[in-house]
Structure formats: C-alpha cells, structure tokens
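**Student:** What follows is each chain in one-letter form.
Protein chains: 2
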Amino acid sequence: MKLCQTTADLQEEVALAKAAGKSIGLVPTMGALHEGHGSLIAAARKENELVIVSVFVNPTQFGPGEDLEAYPRTLEADCILAGKMGADIVFAPAAKEMYPSADMTWVEVTGHITKVLCGRSRPIHFRGVTTVVSKLFNLAQPDRAYFGQKDAQQVQVIKRMVKDLFFYVQLRIMPIVREADGLAKSSRNTYLSQEERTAGLILSKSLRYAEELFKQGERDSSRIAAETAKLIGSEPLSEIDYVEIYELPDLKPVAGDITGSCLLAVAVRFGTTRLIDNVILEVE
Amino acid sequence: MKLCQTTADLQEEVALAKAAGKSIGLVPTMGALHEGHGSLIAAARKENELVIVSVFVNPTQFGPGEDLEAYPRTLEADCILAGKMGADIVFAPAAKEMYPSADMTWVEVTGHITKVLCGRSRPIHFRGVTTVVSKLFNLAQPDRAYFGQKDAQQVQVIKRMVKDLFFYVQLRIMPIVREADGLAKSSRNTYLSQEERTAGLILSKSLRYAEELFKQGERDSSRIAAETAKLIGSEPLSEIDYVEIYELPDLKPVAGDITGSCLLAVAVRFGTTRLIDNVILEVE
Chain A
28 MKLCQTTADL QEEVALAKAA GKSIGLVPTM GALHEGHGSL IAAARKENEL
78 VIVSVFVNPT QFGPGEDLEA YPRTLEADCI LAGKMGADIV FAPAAKEMYP
128 SADMTWVEVT GHITKVLCGR SRPIHFRGVT TVVSKLFNLA QPDRAYFGQK
178 DAQQVQVIKR MVKDLFFYVQ LRIMPIVREA DGLAKSSRNT YLSQEERTAG
228 LILSKSLRYA EELFKQGERD SSRIAAETAK LIGSEPLSEI DYVEIYELPD
278 LKPVAGDITG SCLLAVAVRF GTTRLIDNVI LEVE
Chain B
28 MKLCQTTADL QEEVALAKAA GKSIGLVPTM GALHEGHGSL IAAARKENEL
78 VIVSVFVNPT QFGPGEDLEA YPRTLEADCI LAGKMGADIV FAPAAKEMYP
128 SADMTWVEVT GHITKVLCGR SRPIHFRGVT TVVSKLFNLA QPDRAYFGQK
178 DAQQVQVIKR MVKDLFFYVQ LRIMPIVREA DGLAKSSRNT YLSQEERTAG
228 LILSKSLRYA EELFKQGERD SSRIAAETAK LIGSEPLSEI DYVEIYELPD
278 LKPVAGDITG SCLLAVAVRF GTTRLIDNVI LEVE
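Going down the list, the protein sequences come from chains A and B. Position in the first sequence (first residue = 1) + 27 = our numbering. Position in the second sequence (first residue = 1) + 27 = our numbering.
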C-alpha cells in the first residue's frame, strides 16, 4: 500500500492507472477509520482494479465552534486498516494541498436539499463537502465512489451534484454498519462517555421502533416522527436537534401520508457530542 | 461532422473516443461563431484527435436586463463554420439538458478575481461561466480546452477554477482576432449600427496607444489607465464602464508602477452594446 501526501503524487499514480486501463474506486473519508469505512473499502476492492482511500479532515465542512480541532486524527492506524481492507493507495494531503488558493472555488448545491436536517444547524457544511468531493473526484478520476448511508443527507446532496455537474462516476452507497448493540459506527463515538454511549443506543432503538410502526401499516409521517421523537426524548441525556421525515431523493417535506420512499433522519446531542442516524421507510 | 443535442449523445461519443484512446479538444462557445472562434477550433484540430465545439447560450451567465433573449442564435451557420475549421462534433444542448434540476449546483470562484472589471457590473456572470464550463469539462472530458484572450478575465477565472478543483485539462489561450480595422471580433458586434461600429474602433486604437506609451517606458499604471480612458472618452458615442489595470494572474490592483505582467482591460458602451477589449503589458 502506498501513502500519497501530495496532489501531484496522487495524480501521477492515477495517470499510470488510467494509462494501464485500470478501473479506479475512491473511498473519501476524514480518517479515524472504523468498520463502516472498512465496508466501503472492501466493496471498492471487489469492484475496481485500483482502490484509493482519501484521509482528509476537511476544514471547510466544519462551522465555527464545531469539532475541527478535536476531530480524531489517526493516520497510522488508518493506513493499517485501509491496507488490510484492500486499499492500494491512501491519499492523506495537508489542507494547503487541497486548498491551494487564498480565495476559494466553491462547489455548492443550493435549494432545500442542503437547507433541511443537518443543513439547518450546519449552514456551510454541505458546501464544504461538495467542494472537497469535487476536488477528490477530479484528482482520483474514479469509476466508482463509495459513501455510507449513515450520512444520508450527504448521499443525496452528492447524488444531486453528480447529476447536475455530469461527473463521470458511479456512486455506490453502502448500508450503515452498527455495533453489536445497535449504535451506528461513527468516528465521533469516541467522544462519548460510557454513560452517554449507553444513552446513545436510544437512536437505533427508536428507529427500529419507527420501522416497526411503519411495517404495521402506520403511514402518517407526522405521527411516526412524533413517536420517534417521544422515544428519544425519554432518554434523559438526549437533546434532540431534529427528528424528521423527508421524501427521497429531493428531501422534500412529506405532505401527510408516506407514499413512496422516505428518509427518517435523527440528530441528537449527548453531552457535547452530536450523533446522527437514519432509516429509509419505503412503501412497496 | 456530428451534431449532438443531448448530454447522453455527447457522453456516448466521448466514451467511444476515450475507449479508443483518442485525445479530446473542447472549444466552449455561445455560438454566433466568427473567426475568433474559428482560430480556437483550428488550434484544437491541430492538437487533438477528437474536436468538440459546444454551442450553448448559457442563461446563468446573463444578469437581469442583459441580452440573453437578443443574443444571436445561428446554429446552422455555426455548424458549417465549425465543420469547415475541423470540428468532429458540435454539441448544442437545450438549457434543460444542461440544467436538469430545479435547484442548482453552482461552481463559483470567489474573491476579487471575480469582483473587479466585468464582475462589478455583472455580479453573477462568472458564477454562470464557471458552472457551465465545469459541466462541459465533465461531459467532454477534454485533454485540452480552448478559450480566447478576448475574454481576459474569464481566462483568469477559469485558470483559477481549474487549479483549485484539479480539473484534468490543459487550458490553451488563443490571441484576440481582430477585423482588418482593429475591432476585436465579437458576436455582439452585430448589434452595432454603422456609426457605433466606427466609434468602437477607439478601443483598439486606445489600447495600441497604451502599448506605445508602455514601450516608450511609461510604467505608472494610473497614468496609462488615465491616458487610455481620455482617448476613449474623446469619442462622443463612447460610455466607459471601466478602463483598468490589474496584475496577472490574480487581478490584484497595481500599486504604482507596473513591474511584472499586467492586464489593461476596457469595457465601453456604444449605444446599448457593451464591448470589451484588452492588452497585456509585460515588463521583460
């Protein structure tokens, strides 16, 4: 496995692979790799001849007061895990490499798709995401790029960007990987105290409950959201940011009953740590 | 020569060319092709195995009250000229093809590079340009893309975008093509009355005069700009938008004397028609 720390290094590897006619799979990450990322890398390994894992804590997707400084940085361990799961290249550039100009070129998806859910409390977040992902797409020129369904809104925003800008890349969205007790794997889980971690289980529990209601025939989106919020609220350490249901793929509000495919997404604070989780509710 | 009117059509042609290992040259235009465009197409023909000319009057780069509706549309003649100059494909999509979503994904270069010169009177112009050029780059996947120095600020903005977003494309900037009497070729010249057209000659005349001053040793940027503006102002039909000098490549203001490479750019109205022209002043 090769570690590339400059864009020039990566571009050279990509040019060689392209000249050899190799297919390229890209797994964009912010590092602190866990089994969720591992599943993305393994999927990329199966489907591509060259697998690139980017490890970059992207400053432009963090707002003021968010956890940019605290975000876990574990490059050595990341390289080991990435290599084990089949990565050929780990691309871990400095911020200066990814943002070469003092002024910026932004790639931004506008409209309600970036304004609801996480976009409400993190207004600049998705602009940072789409900007860095555009750069990574152009650098790595992937045939396929791998993202986790854990970041459900990010998935929809990137799908929109790829469609609007005609990026030549196939998006592969992988299911949420969970701990044995149900907690969705996240690099931010390491922030949690033991007490908060236990409290955090209410997220997966409440989403399973919502799924159960839906399976039993409940279609009223407000009622499902309200029942989910009520269950989460029953956990004293939880502080709800949102519990909301939107239509896929455009994240439009659901008027009344769920008819097609919807996203039930939650963001909840436990102490200073904000966790997200989600489930898709789909009428067959 | 083949005419592609959908993105899917173009993508198919590009995929075939890529699979065959062909190099691709792209000439993005808004149609109403003249010899200036012709020189770009001829240059692309020399350097690439597949030459794509896009003809698209891009609505997002026109502000309210600008000439979007009036802009000349001459697709049939454009195809003939493009073919004659060596184009393999003319890509002439409908707006709906290029902008498939109701909400938008924008690509925007921020900072003073897009705020000075034309950016001041046309605040959304360059955002429209960089957005559509990003789409065209992703659709056509060119090895080389051809732009005219006539749109000097556009050239610098696109260079910045390519650098910031790591587009895999070589930019080829071609010199301004002029009529025999000096008027820079422009699709908007057709708007001019005979009287305005004659008056418009003051642009190239004043830029040649500025060049002469510079060659004779004048380095004071304010004096060169003032002399140029004075000469343009002597033409009664002229109404100056700007006559300004900025450092290349970042379009930063020149503090006092010109030392490196600078752009002297002018934008002037003649009746309802706004013409631009420019010259590079370079200390050897």
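Please note that the accuracy of each hint is not assured.
In silico DSS-like links for lysine-lysine, alpha-carbon gap of 30 angstroms or less [as the list claims (entries may be wrong)]: (1) B:K279 to A:K142; (2) A:K123 to B:K279; (3) B:K73 to A:K73; (4) B:K73 to B:K142; (5) B:K190 to A:K45; (6) A:K190 to B:K186; (7) A:K123 to A:K142; (8) A:K257 to A:K190; (9) A:K190 to B:K242; (10) B:K232 to B:K242; (11) A:K123 to B:K142; (12) A:K186 to B:K49; (13) A:K177 to A:K190; (14) A:K212 to A:K29; (15) B:K186 to A:K123; (16) A:K190 to A:K73; (17) B:K142 to A:K49; (18) B:K232 to A:K190; (19) A:K242 to A:K177; (20) A:K111 to A:K142; (21) A:K279 to B:K142; (22) A:K49 to B:K123; (23) A:K212 to A:K73; (24) A:K45 to B:K242; (25) A:K242 to A:K186; (26) A:K257 to A:K279; (27) A:K186 to B:K123; (28) B:K190 to A:K142; (29) B:K212 to B:K142; (30) B:K49 to B:K186; (31) B:K212 to B:K186.
The following residues of chain B were derived to be distant from chain A, with all beta-carbon distances above 12 angstroms [to be verified]: (32) A42; (33) V84; (34) E93; (35) S231; (36) Q243; (37) A256.
Listed below are several chain B residues computed to face chain A (Cβ distance under 8 angstroms; list not exhaustive) [to be verified]: (38) A97; (39) M131; (40) T137.
Derived by calculation from the structure, the hints in this document are not laboratory data. Since the model is a prediction, treat every value here as computed from it, not as a measurement. The beta-carbon is built from N, C-alpha and C at its ideal position, and this holds for glycine as well.
**Student:** Each hint should be assessed against the structure and marked as holding or not.
**Tutor:** Now the hints, each set against the structure:
1. B:K279 to A:K142: With Cα atoms ~34 angstroms apart, K279 (chain B) and K142 (chain A) exceed 30 angstroms; violated.
2. A:K123 to B:K279: 21 angstroms, holds
3. B:K73 to A:K73: Since the Cα atoms of K73 (chain B) and K73 (chain A) sit roughly 41 angstroms apart, the hinted pair is violated (cutoff 30 angstroms).
4. B:K73 to B:K142: Violated, because 35 angstroms separates the two Cα atoms, which is more than 30 angstroms.
5. B:K190 to A:K45: Holds: K190 (chain B) and K45 (chain A) sit about 21 angstroms apart, inside 30 angstroms.
6. A:K190 to B:K186: Holds, at roughly 24 angstroms.
7. A:K123 to A:K142: 28 angstroms, holds
8. A:K257 to A:K190: Violated - the C-alpha atoms of K190 (chain A) and K257 (chain A) are around 37 angstroms apart, more than 30 angstroms.
9. A:K190 to B:K242: Roughly 51 angstroms separates the two Cα atoms, so the pair is violated.
10. B:K232 to B:K242: 15 angstroms, holds
11. A:K123 to B:K142: Within the cut-off at roughly 24 angstroms; holds.
12. A:K186 to B:K49: The given pair, whose Cα atoms are some 29 angstroms apart, holds under the 30 angstroms limit.
13. A:K177 to A:K190: Between K177 (chain A) and K190 (chain A) the Cα gap is close to 21 angstroms, so the pair holds against 30 angstroms.
14. A:K212 to A:K29: Holds, at roughly 26 angstroms.
15. B:K186 to A:K123: Distance of about 18 angstroms is within 30 angstroms: holds.
16. A:K190 to A:K73: Judged against 30 angstroms, a Cα distance of about 25 angstroms means the pair holds.
17. B:K142 to A:K49: 42 angstroms, violated
18. B:K232 to A:K190: 47 angstroms, violated
19. A:K242 to A:K177: Given that 30 angstroms is the threshold and the Cα spacing comes to 21 angstroms, the pair holds.
20. A:K111 to A:K142: Status violated; Cα separation ~38 angstroms.
21. A:K279 to B:K142: 34 angstroms, violated
22. A:K49 to B:K123: 34 angstroms, violated
23. A:K212 to A:K73: 22 angstroms, holds
24. A:K45 to B:K242: Violated: K45 (chain A) and K242 (chain B) sit about 48 angstroms apart, past 30 angstroms.
25. A:K242 to A:K186: Judged against 30 angstroms, a Cα distance of about 28 angstroms means the pair holds.
26. A:K257 to A:K279: 23 angstroms, holds
27. A:K186 to B:K123: 18 angstroms, holds
28. B:K190 to A:K142: The given pair, whose Cα atoms are some 29 angstroms apart, holds under the 30 angstroms limit.
29. B:K212 to B:K142: 25 angstroms, holds
30. B:K49 to B:K186: 24 angstroms, holds
31. B:K212 to B:K186: 22 angstroms, holds
32. A42: A42 (chain B) not clear of chain A: closest Cβ-Cβ about 9 angstroms, inside 12 angstroms.
33. V84: 19 angstroms, holds
34. E93: 21 angstroms, holds
35. S231: S231 (chain B) clear of chain A: closest Cβ-Cβ about 32 angstroms, beyond 12 angstroms.
36. Q243: Given a closest Cβ separation of 35 angstroms, the condition holds.
37. A256: 28 angstroms, holds
38. A97: This hint is violated: A97 (chain B) lies away from chain A, its Cβ roughly 28 angstroms from the closest one there, beyond 8 angstroms.
39. M131: 5 angstroms, holds
40. T137: 5 angstroms, holds
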